[in-house]
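Just so you know, the sequences run in chain order A and B.
Per full-length UniProt numbering, the first sequence runs over residues 1 to 296.
Per full-length UniProt numbering, the second sequence runs over residues 1 to 295.
Worth flagging that the hints you see were computed from the coordinates, not collected in a lab.
Worth double-checking, as some hints may not be accurate.
[Stated by the list, open to error] List of simulated lysine-lysine pairs, DSS-like, C-alpha gap at most 30 angstroms:
| no. | chain 1 | residue 1 | chain 2 | residue 2 |
| --- | --- | --- | --- | --- |
| 1 | B | 186 | A | 12 |
| 2 | B | 238 | B | 102 |
| 3 | B | 102 | A | 12 |
[Said to hold, decoys possible] Chain B stretches covered by chain A per the calculated footprint, using a threshold of three residues with CB under 8 angstroms from any CB of chain A:
| no. | stretch |
| --- | --- |
| 4 | 65-79 |
| 5 | 85-98 |
| 6 | 199-208 |
| 7 | 247-261 |
Note that beta-carbon positions come from the ideal geometry of N, C-alpha and C, so glycine has one too.
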Amino acid sequence: MTSTPIGPRWRKALGWTVLAVLVLITLFPFYWMLRVSLSDNRVLAANADSLLPAGFTLGAFERVLGLASLEEARAQGGSGASIDFWRYLLNSVLTATLITAGQVLFSSMAAYAFARLRWPGRDAVFFVFLTALMIPPIFTALPNFVLMRDLELLNTYAAIVLPFFFMTPFAVFFMRQFLLGISREVEEAARIDGAGHPRIFFRIVLPMSRAPLATLALLAYITAWNEYFWPLLVGQGEGVRVLTVALGVFRSQTPQGSPDWAGLMAATLLAALPVIALFVAFGRRIVDSIQFSGIK
Amino acid sequence: MTTHRTRHRSDVWPALLFLLPAGFGFVLFYAWPAVQTFYLSFTDYSLLAAPNWIGAQNYRDALGDARFGNALLVTVEYVVINIGVQTVAALFIAVLMHRLTKSSLVRGLLLLPYLIANVVVALVWYNMLDAQLGIVNAVLSWVGIDPVAFFGETSTAIPTIALVNVWRHMGYTALLIFAGLQAIPKSVYEAAAIDGASEWRIFRGVTLPLLRPVLAMVLVLTVIGSFQIFDTVAVTTKGGPVDATRVIYFYLYEKAFQQFDFGYAAALSVVLFLILAGLAVAQLRLLRAGSSDLD
Numbered sequence: 001m002t003s004t005p006i007g008p009r010w011r012k013a014l015g016w017t018v019l020a021v022l023v024l025i026t027l028f029p030f031y032w033m034l035r036v037s038l039s040d041n042r043v044l045a046a047n048a049d050s051l052l053p054a055g056f057t058l059g060a061f062e063r064v065l066g067l068a069s070l071e072e073a074r075a076q077g078g079s080g081a082s083i084d085f086w087r088y089l090l091n092s093v094l095t096a097t098l099i100t101a102g103q104v105l106f107s108s109m110a111a112y113a114f115a116r117l118r119w120p121g122r123d124a125v126f127f128v129f130l131t132a133l134m135i136p137p138i139f140t141a142l143p144n145f146v147l148m149r150d151l152e153l154l155n156t157y158a159a160i161v162l163p164f165f166f167m168t169p170f171a172v173f174f175m176r177q178f179l180l181g182i183s184r185e186v187e188e189a190a191r192i193d194g195a196g197h198p199r200i201f202f203r204i205v206l207p208m209s210r211a212p213l214a215t216l217a218l219l220a221y222i223t224a225w226n227e228y229f230w231p232l233l234v235g236q237g238e239g240v241r242v243l244t245v246a247l248g249v250f251r252s253q254t255p256q257g258s259p260d261w262a263g264l265m266a267a268t269l270l271a272a273l274p275v276i277a278l279f280v281a282f283g284r285r286i287v288d289s290i291q292f293s294g295i296k
Numbered sequence: 001m002t003t004h005r006t007r008h009r010s011d012v013w014p015a016l017l018f019l020l021p022a023g024f025g026f027v028l029f030y031a032w033p034a035v036q037t038f039y040l041s042f043t044d045y046s047l048l049a050a051p052n053w054i055g056a057q058n059y060r061d062a063l064g065d066a067r068f069g070n071a072l073l074v075t076v077e078y079v080v081i082n083i084g085v086q087t088v089a090a091l092f093i094a095v096l097m098h099r100l101t102k103s104s105l106v107r108g109l110l111l112l113p114y115l116i117a118n119v120v121v122a123l124v125w126y127n128m129l130d131a132q133l134g135i136v137n138a139v140l141s142w143v144g145i146d147p148v149a150f151f152g153e154t155s156t157a158i159p160t161i162a163l164v165n166v167w168r169h170m171g172y173t174a175l176l177i178f179a180g181l182q183a184i185p186k187s188v189y190e191a192a193a194i195d196g197a198s199e200w201r202i203f204r205g206v207t208l209p210l211l212r213p214v215l216a217m218v219l220v221l222t223v224i225g226s227f228q229i230f231d232t233v234a235v236t237t238k239g240g241p242v243d244a245t246r247v248i249y250f251y252l253y254e255k256a257f258q259q260f261d262f263g264y265a266a267a268l269s270v271v272l273f274l275i276l277a278g279l280a281v282a283q284l285r286l287l288r289a290g291s292s293d294l295d
């Protein structure tokens, strides 16, 4: 074992050091959001190399959350434009929740048909569903935009939600993988008792699938929360604007000369916070799901 | 046998019922739009009047469109840097984790950036890489390097965006590779250790060949994703400076939603789709994804 120039113990220490550096690189930008958001715009430039907040203040958060008056905001180097943060937060929560609810339910139903029912052409239809995985979103975005316009749904929640509401190929695939694995016996027993498929699905299969359903819901929620392209196309209006789109607008509004960095980072951190909270609560589940879908 | 037969017949109606919502969504928002995009690519369509059939004109225009050529070039540059660095980094992280720890805390922490919105990631790095008050330039000045306008120079903008997205994706990619590493039997490594092979030789001779099918899948997935770079560009450089970061997706977005040239944009998205499909097929062939040396 000592044939290598460095001993195994040193090698291990070196490995851990490298890993620690990688974790540090991963986490540093999160700290940086906090650091800048707790800083005062007026002294940020002069303290560019300080690791601590420059001129510690909660002003940026007060500004973003609408707790400061316009004069106070301007005095701290904020832009005059008000950021209707609570509105955008509500829009994000609402659209992500609707997308998750619909997608998880309807994709599970489809997965049940693909995994537990027998009908001619089943595998061919499933394959067609899967091909949608290969289609880049922009390939369907133009006609979908036209459809929303023709239905007069532009700048409504419906436009933001609908394309993701009924299914995603990934969700169907994910649930089918799980449903293929559960034993037939429970179902057969319910059958003999005279239960129909809807009853078996809602009373037996869904409760048995609590774990993968929770995982899928988690992934669907995070994906919907982070979505930028589609809401940018159909949901620019103030009333339905979601956080990602709002951050983009906020960034382009800041004048080139003196951007409201503290405000922008405060809003950015607040927009990321729900996902970070989900990660802290369910991190293990997310890690496991990625290993699962990775293996296929 | 008879019970089996009756069940076969009776499942058709429930299956239709269960497929109805998802099938509706699939046809309305995936299948039909895909057909329509193909149709629109042969038309002149500005959203205001009905599409007007012009044959392959859009495709001919695309061939002579220097800015589209530039968009392709810039995108390829982005993908090469992004995927090159990301794959090597992820492979390194995966092997490191495999040798050191099964801790899900470490894996989770490395995955965290992947869960955060592109927009958020782009804005944080936009601040950290700012020419005047970015921390990265502050660190560079400690070692005597002049400030770099990472997002602001034509030569650095694409590499910068590519590396920002390496930061977001490397933990996720490492996790996929890590899953592949766990499938390699321990006995293979034990045999190599008895032979006294060095760490590097084990990696070259054992790990890499056995990992090939997983790497092929990971590469297909990440390359396709990488080609669709949009969010980061849209919130930071918006295609600039000049055309330095006007990637295909962003160029297409501008054509469709700022110039309302839907027909031309549809043709470009058909071209993009063909490129992606061709790449996926080529990669799977080259890397012989189906077969592992374990077989």
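Evaluated hints:
| no. | hint | in the structure |
| --- | --- | --- |
| 1 | B:186 - A:12 | holds, 19 angstroms |
| 2 | B:238 - B:102 | violated, 41 angstroms |
| 3 | B:102 - A:12 | holds, 14 angstroms |
| 4 | 65-79 | violated (count 0) |
| 5 | 85-98 | holds (count 3) |
| 6 | 199-208 | violated (count 1) |
| 7 | 247-261 | holds (count 5) |
Of the numbered hints given earlier, the model fails hints 2, 4, 6; all others are met.
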